[in-house]
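Number of protein chains: 2
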Amino acid sequence: MKKFLNDVDDFLHESLSGFAEAHKDIVHVNLDPFYVTRKKINPNKVLLVSGGGSGHEPLHTGYIGQGMLDIACPGHIFTSPTPDQMIAAIDCSQPKNGVLFIVKNYSGDVMNFEMAAEMISSEHKTILINDDAAVINSSYTEGRRGVAGTVIVEKVVGSLAEDGGDLESCHRLGEKVNRNCSSIGVALTSCTIPAAGKTTFDISESDIEFGVGIHGEPGRKREKIRDADSIVEDMLQVIYKDFEDKNLALNASSEVLLLINGFTSTPLSELYLLFNASKKLLNNKQIPIARSLVGNYTTALDMAGASITICLLDDEIKKHWDTRVLTPNLRWGV
Amino acid sequence: MKKFLNDVDDFLHESLSGFAEAHKDIVHVNLDPFYVTRKKINPNKVLLVSGGGSGHEPLHTGYIGQGMLDIACPGHIFTSPTPDQMIAAIDCSQPKNGVLFIVKNYSGDVMNFEMAAEMISSEHKTILINDDAAVINSSYTEGRRGVAGTVIVEKVVGSLAEDGGDLESCHRLGEKVNRNCSSIGVALTSCTIPAAGKTTFDISESDIEFGVGIHGEPGRKREKIRDADSIVEDMLQVIYKDFEDKNLALNASSEVLLLINGFTSTPLSELYLLFNASKKLLNNKQIPIARSLVGNYTTALDMAGASITICLLDDEIKKHWDTRVLTPNLRWGV
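Sequence lines, in order, name chains A and B.
If you're matching positions, the first sequence starts at 1 in my numbering and goes up one per residue.
If you're matching positions, the second sequence starts at 1 in my numbering and goes up one per residue.
Chain A on its own, in the form it takes in the complex (with noise of 0.2 Å):
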């Protein structure tokens, strides 16, 4: 393992630490307890907190900021938050409209922010984001994970609730927003926890994982490298099925926003590439991309890889989706 650290058990205050300094304009990181508030709290408006074990950056804390996340509570890596990171971030915050959880569907993060919930004051409510169409249940999940599905809503509840949205609307937006987005991701290698010092699983210089988790979780199944171009189409097949299931038209007449989200180690230059053997597929199905969104945005360490986001778009999805949004790693509206 060749890694830019110091003492493993520092990484991540020393992360955050950067993190702060680079960011001081827009956010403000606690370090212990771990939390990341927005620079300016306010308390008038529902309060998004979100959060997660930490190796998925930008994931959540890249996406603190004006018309995104109040408070995002990392974890150690791959580790759920602790009940108490989210109730002091909460206290100091003051919340007088309300509070929405935005929790990713793993065992740990769900049972984490149940607990913590229930010993806050305020009025709140949970989103629980299970976009992944790869495997219902696995390592560290009962139902389906949750994967980059989650910077949309993030973004398009973050918008309603910086509008003065109230709670019972934000969370019905995020409820729509997670149910209009499938997710199926491909890794080409796996990723290294920092404390492991080694690989989470082995794959061959030929092989490919279909349906990988952001952890290294196993997939649908291990297939050969092949083509971008088929690989794909098998990704997509995954997402229209899922659509399908989900009683959720995809044609000429919806509109859809097209996320590739990178895991870190794929190049800029190769997630085109696969948003351009998308575009293709979606054009002969005749279902317009309306939005799209290239980058790392939900990562896995270093892992090589990527996935595949479809979020069906309605008009007050694309309304919030546009809207400005000013975080450290998400930023339009200009």
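Treat the hints loosely; a few may be bogus.
If several chains are the same, the list does not tell them apart, and a pair holds so long as it fits within one copy or across any two.
Unchecked claim - Straight line, CA to CA, 20 Å or less: simulated EDC-like cross-link-like pairs of lysine to aspartate or glutamate:
(1) Lys3 <-> Asp202
(2) Lys2 <-> Asp202
(3) Lys3 <-> Asp207
(4) Lys125 <-> Glu244
Quick caveat, the hints were computed from the structure, so don't treat them as lab data.
Since this is a predicted model, take the numbers as computed values, not measurements.
Since chain A is already given, all that's left is putting chain B on it; use the hints.
Quick look at chain B alone, frame taken from chain A:
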């Protein structure tokens, strides 16, 4: 080699096609010959033209847009673009107030941009970027290499050109920013050129290449991997010495921009850890970090590793760093 690709000869065409579709609100991509322009060129401003071999994305195509570049000409991977690309792009832009070429100092790029410059009728000047303090002369270079400081030059000069700065002023400012930038990189792994199908260089599991170039060119020395603080200390020593040699003072009364640039495969969390390590050492010398940038801005295909760039600021550079920029991969001033 495991990469997302189809026929290796189609790689650039397919990647640029995806880029074109994903950012069609900002850029126009011409596929024969390859060049990328703003969607709407303003012929009355100084036309900023850059380019170079592909494989460093988002450099340069990702920096086209308001407040930054007008044109970028991508060559094949790690291969200079040719004069016909630059000439075709400039011809279709019909600049009325001159052309400023921003060229990284590699022999192929220098030669091809010089040939293009001789063949266009517009008034023109060239800024040669050579911020890499690692080595003088190397595989593809006479003199020092141009690396991540390029992004800072393109941003700052882009702002002045957007403001209506004339060719002379833009050239002068670019030369100043280049002189004020000093960079050094470290590789943990090699990169792999798709057409070569194998790593550019061999490196053991316990070594780093100190002073590596963005094509995997050799740096100053092959060393054992050590803790990040110690690597960063050696990197900053090279940068401090370079500022000394240039007769530019770095001290408590100077302000700097600190750029931690990833080459691709190093996770964002490690880049922030490097930012933190750099910050501690700059603090020791009481050098204030007034601006910061952390991420993959000048990459080397799939290489793991990172570079540090320090840019000495003054009021003029700060002002133009802070202005609004709206490109596919650099956005602020929201």
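Each hint tested on the structure:
| no. | hint | result |
| --- | --- | --- |
| 1 | Lys3 <-> Asp202 | both (19 Å within a copy, 17 Å between copies) |
| 2 | Lys2 <-> Asp202 | both (17 Å within a copy, 14 Å between copies) |
| 3 | Lys3 <-> Asp207 | between (24 Å within a copy, 11 Å between copies) |
| 4 | Lys125 <-> Glu244 | neither (28 Å within a copy, 58 Å between copies) |
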